[in-house]
Amino acid sequence: MSLQEFWDYLVLGVMLGSLYAVIAIGYTLVYGVLQLINFAHSEVFMLGAYGSLIVLQLVNPGDNPTAVASIGFVALAMAGSALFGGVTAYGLEKVAYRPLRRRGAPRLIFLITAIGASFFLYNLAGKLFGRDPLPLPEMYDNHNVFTIFGAGVNITQLLQFATAVVMMIGLDLVVNRTKLGKGIRAVAQDAEVAGLMGVDIDKVISRTFIIGGVLGGVAGFLFANLNQVSYTMGFIPGITAFAAAVVGGIGNIRGAMFGGILIGIVETMTVPLLGDEWRSVSAMVVLILVLMFRPMGILGERVGRAA
Amino acid sequence: MSTTTELQKDAGTAGTSEETLLELESMRVFYGAIEAIKGIDLTVRKGEIVALLGGNGAGKTTTLRTISGMLQPRHGQVLYRGERIDGIKSHELVQFGIGHVPEGRRVFSTMTVRENLEMGAYRFSSVDSAEMDRVFTLFPRLAERRSQQAGTLSGGEQQMLAIGRALMGKPELLLLDEPSMGLAPLIVQQIFEIIEEINKQGTTVLLVEQNATQALGLANRGYVLETGEVAMSGPAADLLADSRIREAYLGEGAA
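Line order of the protein sequences matches chains A and W. Using the numbering used here, you'd call the opening residue of the first sequence number 1 and step up by one each time. Using the numbering used here, you'd call the opening residue of the second sequence number 1 and step up by one each time.
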């Protein structure tokens with residue numbers, strides 16, 4: 001691998017990793033408040049992509065939109081994906097998980113419900129939207145805008161990376177600076193005591209799902225913008241982002257960001273070194289290594305109930 | 001089975017009024033099929049410190065948890081200022097002015113001292129800095145450690161933080177669940193002095209303790225629970241003088 005190739009793939013890896021990071025946050029946030037691996041999160045991601053597709057088909061960008069119009073189309077597509085993602089996640093919590101919580105169901109039941117919800121949602125999407133992959137309509141004329149270390153970065157990649165970074169910074173601010181964020185952290189640590197402080201646990205859990213859903217939905221749009229929209233598109237990125245969340249330390253938001261970027265780089269670097277077919281394998285190898293030597297994840301702490 | 005002994009005598013203590021704040025009426029609480037609280041009656045009047053005593057498994061913590069809405073009574077009722085509060089969820093109950101310092105402190109260990117105190121004021125739209133200053137005056141140790149993570153504090157400091165956190169919600173009635181548990185005698189002494197101070201400043205206290213001598217030294221009245229029932233109740237001084245209490249809870253052999 002030449003030095004130039006190294007930079008090319010590193011840049012690609014960081015870009016892909018930023019997307020994994022955003023999806024991983026959705027897993028980690030929900031895990032924090034419910035100790036649940038929300039396997040249906042990959043479907044939130046997929047439906048977010050359909051949200052942007054539906055909006056774009058409605059507004060129909062046509063050929064060669066102006067720069068201003070392009071920005072508008074991107075914003076609309078993003079809003080569509082955020083809406084679909086947020087609503088899906090909200091509904092998922094309300095319909096699938098809340099009734100279990102009311103009955104005090106064991107963890108395993110939550111997990112099976114999550115997997116069931118995932119199957120339901122992607123089959124539903126296949127039925128509603130068709131089973132053929134569709135590209136997103138072109139919103140802008142894609143071309144290279146600049147190069148870092150000789151690696152070209154085009155508009156699509158820049159959009160993807162910048163949006164991911166903005167969302168991560170925004171989320172970090174929400175969690176660390178706002179009252180809702182404090183409520184989320186308190187529920188994650190000790191829900192019962194949070195309740196004693198006046199935190200409405202149901203509301204906090206519901207909003208946590210919405211936040212994770214919006215992030216996941218927008219990530220779906222960004223991913224579809226690079227590839228295509230299909231009802232099965234959620235599975236692989238979902239599993240990979242879940243691995244990233246575990247690698248970083250599940251329950252830890254900054255860990256999810258870090259894990260996402262790391263897995264993105266490792267996966268992408270695998271392509272020139274071992275070949276494309278080893279991509280997903282390498283991500284899982286990282287997961288296994290981390291679980292062997294640092295089971296709580298790289299930035300993870302003991303995710304305990306009240307000490 | 002156990003005979004309820006009423007030691008009726010006017011407590012005649014300063015600072016208390018006839019106004020009833022909290023009333024439990026033949027309250028029964030179950031864990032599944034197991035009856036943990038077998039119908040207890042208990043009143044707390046405004047301004048009092050009431051001690052709730054008893055050994056392990058007597059139902060002290062269950063009683064507190066039922067008052068603050070974490071458990072629901074199956075029979076009987078819980079009244080606060082004459083209004084039924086059983087069935088109300090704990091996060092709504094905070095609005096009534098009931099603060100609860102849970103057993104085992106349970107501070108938010110990855111949050112700083114300041115953030116923990118802010119959590120205590122969650123029910124308000126903004127944090128009252130005067131209230132936080134008051135807490136820091138009561139507990140100067142917390143002021144020194146305000147930017148430190150709560151998990152790094154000593155047991156005594158965590159207990160202070162748990163009490164301070166509850167005070168941030170400006171409770172009218174403070175439920176304290178074994179604040180002396182696992183602490184060195186000197187620290188216990190400090191904590192009890194602070195509880196007395198908090199009470200003098202106008203907060204009514206319902207204090208659950210295994211440490212009967214110290215709790216009764218502080219309290220106006222006391223209740224002794226045995227396997228989910230009130231075995232004895234009365235003014236603290238009388239309970240302290242009662243030979244059965246001395247035998248059972250103060251570690252003195254039969255006279």
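Be aware that a few hints might be false.
Said to hold, decoys possible - In silico DSSO-like links for lysine-lysine, alpha-carbon gap of 30 angstroms or less:
#1 K89(W) with K94(A)
#2 K94(A) with K203(A)
#3 K203(A) with K170(W)
#4 K170(W) with K179(A)
#5 K127(A) with K179(A)
#6 K89(W) with K170(W)
#7 K38(W) with K89(W)
#8 K203(A) with K46(W)
#9 K89(W) with K46(W)
#10 K94(A) with K127(A)
#11 K89(W) with K179(A)
#12 K203(A) with K179(A)
#13 K38(W) with K200(W)
#14 K200(W) with K170(W)
#15 K170(W) with K46(W)
Claimed, not checked - Only part of the chain A face toward chain W is listed, based on derived beta-carbon distances under 10 angstroms:
#16 Q189
#17 L196
#18 K203
Unchecked claim - In silico contact screen, one side only, chain A against chain W (beta carbon under 7 angstroms); selected entries:
#19 E138
#20 A186
#21 A191
#22 V193
#23 G195
#24 M197
#25 V199
#26 D202
The set of hints was computed from the structure by calculation and includes no laboratory data. Note that CB positions come from ideal geometry on N, CA and C, so glycine has one too.
Taking the hints in turn, this is what the structure says about them:
Restraint check: the Cα-Cα separation between K89(W) and K94(A) comes to about 19 angstroms, which is no more than 30 angstroms; the hinted pair holds. For the suggested pair K94(A) and K203(A), the alpha carbons sit about 11 angstroms apart, so the restraint of at most 30 angstroms is met. The hinted pair formed by K203(A) and K170(W) meets the criterion: a straight-line CA distance of about 23 angstroms does not exceed 30 angstroms. For the hint pairing K170(W) with K179(A), the CA-to-CA distance comes to about 18 angstroms; that is within 30 angstroms, so the pair holds.
The straight-line distance between the Cα atoms of K127(A) and K179(A) is roughly 41 angstroms, outside the 30 angstroms bound, and the hint therefore fails. Our distance criterion of 30 angstroms between C-alpha atoms is met by K89(W) and K170(W), whose separation comes to about 18 angstroms. Restraint check for K38(W) and K89(W): the C-alpha separation of about 22 angstroms stays at or below 30 angstroms, so the hint holds. Restraint check for K203(A) and K46(W): the C-alpha separation of about 33 angstroms exceeds 30 angstroms, so the hint is violated.
Taking the CA atoms of K89(W) and K46(W), the gap is about 23 angstroms. The hint holds against a cut of 30 angstroms. The suggested pairing of K94(A) with K127(A) holds, with an alpha-carbon distance near 23 angstroms, which does not exceed 30 angstroms. Between K89(W) and K179(A) the CA atoms are separated by roughly 20 angstroms; this keeps the pair inside 30 angstroms, and the hint holds. Distance hint between K203(A) and K179(A) is fulfilled; the C-alpha atoms sit about 13 angstroms from each other, no more than 30 angstroms.
At most 30 angstroms may separate the alpha-carbon atoms for a hinted pair to count; K38(W) and K200(W) exceed this at roughly 33 angstroms. Taking the CA atoms of K200(W) and K170(W), the gap is near 14 angstroms; set against the 30 angstroms cutoff, the hint holds. With a C-alpha separation of about 15 angstroms, the suggested pair K170(W) and K46(W) falls inside the 30 angstroms cut-off, and the hint holds. At a threshold of 10 angstroms, the smallest CB-CB gap from Q189(A) to chain W is about 5 angstroms, leaving the interface hint in force.
Checking L196(A) against chain W: minimum C-beta separation of about 5 angstroms stays under 10 angstroms; hint holds. At its closest, the beta carbon of K203(A) sits 9 angstroms from a beta carbon of chain W; the interface hint therefore holds under the 10 angstroms criterion. Violation of the interface hint for E138(A) is found here, the shortest Cβ-Cβ separation to chain W being roughly 46 angstroms, above the 7 angstroms cut-off. Restraint check, A186(A) versus chain W: the minimum CB separation of about 5 angstroms is within 7 angstroms; hint holds.
Interface restraint check: A191(A) against chain W, minimum CB-CB distance 10 angstroms, threshold 7 angstroms, status violated. The interface hint given for V193(A) is met, as the beta carbon of that residue sits about 5 angstroms from the closest beta carbon of chain W, less than 7 angstroms. Among the interface hints, the one on G195(A) holds; its C-beta lies about 4 angstroms from the nearest C-beta in chain W, closer than the 7 angstroms criterion. The interface hint given for M197(A) holds, since its Cβ lies 5 angstroms from the closest Cβ of chain W, which is under the 7 angstroms cut-off.
The interface hint given for V199(A) holds, since its Cβ lies 6 angstroms from the closest Cβ of chain W, which is under the 7 angstroms cut-off. Taking 7 angstroms as the C-beta contact cut-off toward chain W, the hint placing D202(A) at the interface is violated, the least distance being around 9 angstroms.
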